[in-house]
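With the sequences and hints as input, model every part of the structure.
Protein sequence lines, in the order shown, are assigned to chains C and F. Going left to right, the first sequence walks through residues 1048 to 1193 as the working numbering numbers them. Going left to right, the second sequence walks through residues 1048 to 1193 as the working numbering numbers them.
Derived from the structure by calculation, the hints contain no laboratory data. It cannot be assumed that every hint is accurate.
Copies of the same chain are indistinguishable here, so a pair counts whether it falls within one copy or spans any two.
DSS-like mimics (lysine-lysine), calculated; alpha carbons at most 25 Å apart, straight line [said to hold, decoys possible]:
(1) K1160 - K1186
(2) K1154 - K1076
(3) K1143 - K1117
(4) K1117 - K1186
(5) K1186 - K1091
There are 2 protein chains.
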Amino acid sequence: MIRNSIQVLHAQGYKVTRPRLQVVEILGKAQKPVSPYEIQKMLKQQGRYLNHVTIYRVLELLCHLNLAHKLPSEKGFIKCILGNREGCHRFMICHKCGAIQEYADDKLCRNEKEIAGEIGFHTQYHVSESYGLCSSCYKGELAGNV
Amino acid sequence: MIRNSIQVLHAQGYKVTRPRLQVVEILGKAQKPVSPYEIQKMLKQQGRYLNHVTIYRVLELLCHLNLAHKLPSEKGFIKCILGNREGCHRFMICHKCGAIQEYADDKLCRNEKEIAGEIGFHTQYHVSESYGLCSSCYKGELAGNV
DNA sequence: TATCTAAACGCAATAGTATTGCATTTAGAT
DNA sequence: ATCTAAATGCAATACTATTGCGTTTAGATA
Ligand SMILES: [Mn+2]
Ligand SMILES: [Mn+2]
Ligand SMILES: [Zn+2]
Ligand SMILES: [Zn+2]
Chain C
1048 MIRNSIQVLH
1058 AQGYKVTRPR
1068 LQVVEILGKA
1078 QKPVSPYEIQ
1088 KMLKQQGRYL
1098 NHVTIYRVLE
1108 LLCHLNLAHK
1118 LPSEKGFIKC
1128 ILGNREGCHR
1138 FMICHKCGAI
1148 QEYADDKLCR
1158 NEKEIAGEIG
1168 FHTQYHVSES
1178 YGLCSSCYKG
1188 ELAGNV
Chain F
1048 MIRNSIQVLH
1058 AQGYKVTRPR
1068 LQVVEILGKA
1078 QKPVSPYEIQ
1088 KMLKQQGRYL
1098 NHVTIYRVLE
1108 LLCHLNLAHK
1118 LPSEKGFIKC
1128 ILGNREGCHR
1138 FMICHKCGAI
1148 QEYADDKLCR
1158 NEKEIAGEIG
1168 FHTQYHVSES
1178 YGLCSSCYKG
1188 ELAGNV
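Here is the structure:
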């Protein structure tokens, strides 16, 4: 995570700074989307400090570099685990435990573009989030309902 | 739009109030997502006034009744044009003119659920937004590039 | 039509989120 | 070691969202 981020930053001509690495580290540990202010609090607990403006700017850059994604409906950011694979990156979100699963699927993209094409809409990218229960939470629900 | 909203409010045991009708009216006219504060401004221009808290509450209700949708990535609300059709309601968003096209597609939902199922994720609903150019903006782009 | 009450609204206070301009610091090139 | 464009911190400001509570009102009932 960190290593890859450093590489990407470097390769794209962006400086490798402490704030950037700190945010990357937080995202790497987080198991669910985190907001800029949440990141600030988490750093604070480590005795570190970053201005919230800096965090906003870092997150913006990380998204630009596809190292992170913004999940608007969750009001938070999450690290990208797919790399620069083709197609759009999609998410499954467990609304019980908050866990996120990132995935990509070309067929799905083609489907959506096809439907759009039928009414003359030219798709450039997709935002796609599935909400439900992850396998472990689903099992928990079943157990609870006995 | 208004008539249908009145019916739904009534049928569900919610009062038909002036604030609710005013917000419905604004959503009906808007050609793109509008935020609560934008709605307040638009009403102001008509010489009307609603407290922003009221607008928040009305929008929450309208979404609950499927008369409107929140578009998180656009930070705004839009009226629903599909009614209570089965499946999730999806959107195509032109990032040039801001126009929105709502649609639904069962096949797409099945596809997504299928993919989720493969990793044990149990989907309950989808958030889906396609970004690109609507047909008229696309034509405009082509013309401009000559 | 008048009365009544739960539901809805307005207001005020407060909290949380986001953006901008500018001075200072610093990564990394030379 | 020096230099400079890039990045950060700070301060001010604007925008967005939530809560509690007193007042008003839609619409049911008589
Ligand atoms: Mn990704
Ligand atoms: Mn709809
Ligand atoms: Zn879960
Ligand atoms: Zn357009």
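Going down the list of hints, with the structure as the test:
no.: 1; hint: K1160 - K1186; result: between (35 Å within a copy, 17 Å between copies)
no.: 2; hint: K1154 - K1076; result: neither (31 Å within a copy, 36 Å between copies)
no.: 3; hint: K1143 - K1117; result: both (20 Å within a copy, 21 Å between copies)
no.: 4; hint: K1117 - K1186; result: neither (29 Å within a copy, 30 Å between copies)
no.: 5; hint: K1186 - K1091; result: neither (36 Å within a copy, 51 Å between copies)
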